[in-house]
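With the sequences and hints as input, model every part of the structure.
Here is how the chains run, residue by residue.
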Amino acid sequence: MSDYIPVGMGELKIARHPASLVVYGIGSCVIIAMYDKKNKIGGFSHVMLPDSSGIDKEKLNPAKFADTAVPLLFNKMGEEGALKSKLVAKLVGGAEMFPPTEDFSSNIGRDNVEAVKKALSILQIPIEAEDTGGNRGRSVEFDLDSGLVKLSILGQETKEL
Amino acid sequence: MEDVTTLTRTQLDALREIGNIGSGNAASALAQFLNRKIDMAVPSAKILDFKEIPDLVGGPAQSVMGIFLKVMGEISGRFLLLIPEHTSLRLLHTLIPGCEIDSPLDMGEMESSCMREVGNILAGAFLNAISTLTQTPMLNSLPSMAYDLSGSLINYVVADMVAVSDKVLMIETSFIEAEEDLRIHIFLLPDPDSLKKLLKSIGVA
Numbered sequence: 001m002s003d004y005i006p007v008g009m010g011e012l013k014i015a016r017h018p019a020s021l022v023v024y025g026i027g028s029c030v031i032i033a034m035y036d037k038k039n040k041i042g043g044f045s046h047v048m049l050p051d052s053s054g055i056d057k058e059k060l061n062p063a064k065f066a067d068t069a070v071p072l073l074f075n076k077m078g079e080e081g082a083l084k085s086k087l088v089a090k091l092v093g094g095a096e097m098f099p100p101t102e103d104f105s106s107n108i109g110r111d112n113v114e115a116v117k118k119a120l121s122i123l124q125i126p127i128e129a130e131d132t133g134g135n136r137g138r139s140v141e142f143d144l145d146s147g148l149v150k151l152s153i154l155g156q157e158t159k160e161l
Numbered sequence: 001m002e003d004v005t006t007l008t009r010t011q012l013d014a015l016r017e018i019g020n021i022g023s024g025n026a027a028s029a030l031a032q033f034l035n036r037k038i039d040m041a042v043p044s045a046k047i048l049d050f051k052e053i054p055d056l057v058g059g060p061a062q063s064v065m066g067i068f069l070k071v072m073g074e075i076s077g078r079f080l081l082l083i084p085e086h087t088s089l090r091l092l093h094t095l096i097p098g099c100e101i102d103s104p105l106d107m108g109e110m111e112s113s114c115m116r117e118v119g120n121i122l123a124g125a126f127l128n129a130i131s132t133l134t135q136t137p138m139l140n141s142l143p144s145m146a147y148d149l150s151g152s153l154i155n156y157v158v159a160d161m162v163a164v165s166d167k168v169l170m171i172e173t174s175f176i177e178a179e180e181d182l183r184i185h186i187f188l189l190p191d192p193d194s195l196k197k198l199l200k201s202i203g204v205a
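As you go down the protein sequences, you meet chains A and B in turn.
Going by my numbering, the first residue of the first sequence is number 1, and it counts up by one from there.
Going by my numbering, the first residue of the second sequence is number 1, and it counts up by one from there.
Just so you know, these hints were derived from the structure itself, not from any lab.
It cannot be assumed that every hint is accurate.
[What the hints assert, rightly or not] Not the full set, but computed from the structure, chain B residues with beta-carbon under 7 Å of chain A: (1) Leu-48; (2) Lys-51; (3) Ala-61; (4) Lys-70; (5) Leu-142; (6) Asn-155; (7) Val-164.
Even for Gly, the Cβ is constructed at its ideal location relative to N, Cα and C.
Given below as structure tokens:
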């Protein structure tokens, strides 16, 4: 049995094969999966919010925010022995879970996805696959042997990204 | 902004009492329209790490019915009902004559509208009681409903409340109808800016 390593909201974890990284119950958060195929090292960053500007640096958890989590994941992958120039990314999440009403609307999911994409493009990390937006919760398993991300949505068939 | 981690024991006790009064009123409303006796669990007012919230309803991968409302007025915040599948179906079967769906995934407009109305009534009763107690007008927005993983729903509701701290103040209670094990979890999350007003209105600022 290989290890299943859960990655909670605002956390960032890196592992290598044969382990799997898992997240259950993703809503407006975005999971950034980064992978080095050759060395079979992968990382998950579970970001909650798009932008860290205005947050006191001393209190900042960089893994919570898209703009700081992407470079952090990129650098940590390098420290763990991944080839930074060969890293690819997959994105999952960014849903708006509750339909908008007259008094309430939110674009937090969409804003998270956009901020992650912007941060990835700055580092020139290609996005290989994504399943983002919509209004459904998601769960993912990242198999670090194959590099495949298994995606489940309540009431739907499992897909692979 | 008020830092929730600095709340004193007395303040938390006072907030728990608010939960008691609000959910007492909501339980009566529920008992009335279901026409049966509803018991109330002892409410809690807790400073919780947001990661712990899904564990209160069976873990992040547990599918639940969520009804979300915004609390508006001088004291603002968020109001969330999480209703396990079994209870949701029971409510629908009781409230809609002829309703026979066996999964919340099969809900149509009639069922959704019914669940939102349940949310509306419970939130209205809960907030009315607090509003009277604090002599501060509080209104609830129209309810929004989703049936999905509890982790996903909670993640969405708290995301922008935990930018700085990982902690949220949550007043939580549940209703239990013992014979059929019907449960409804009620969460009130006051906006950090409103917390001071809320504490002041009950004399523990």
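Checklist entry - Failing hints, ascending? => result 1
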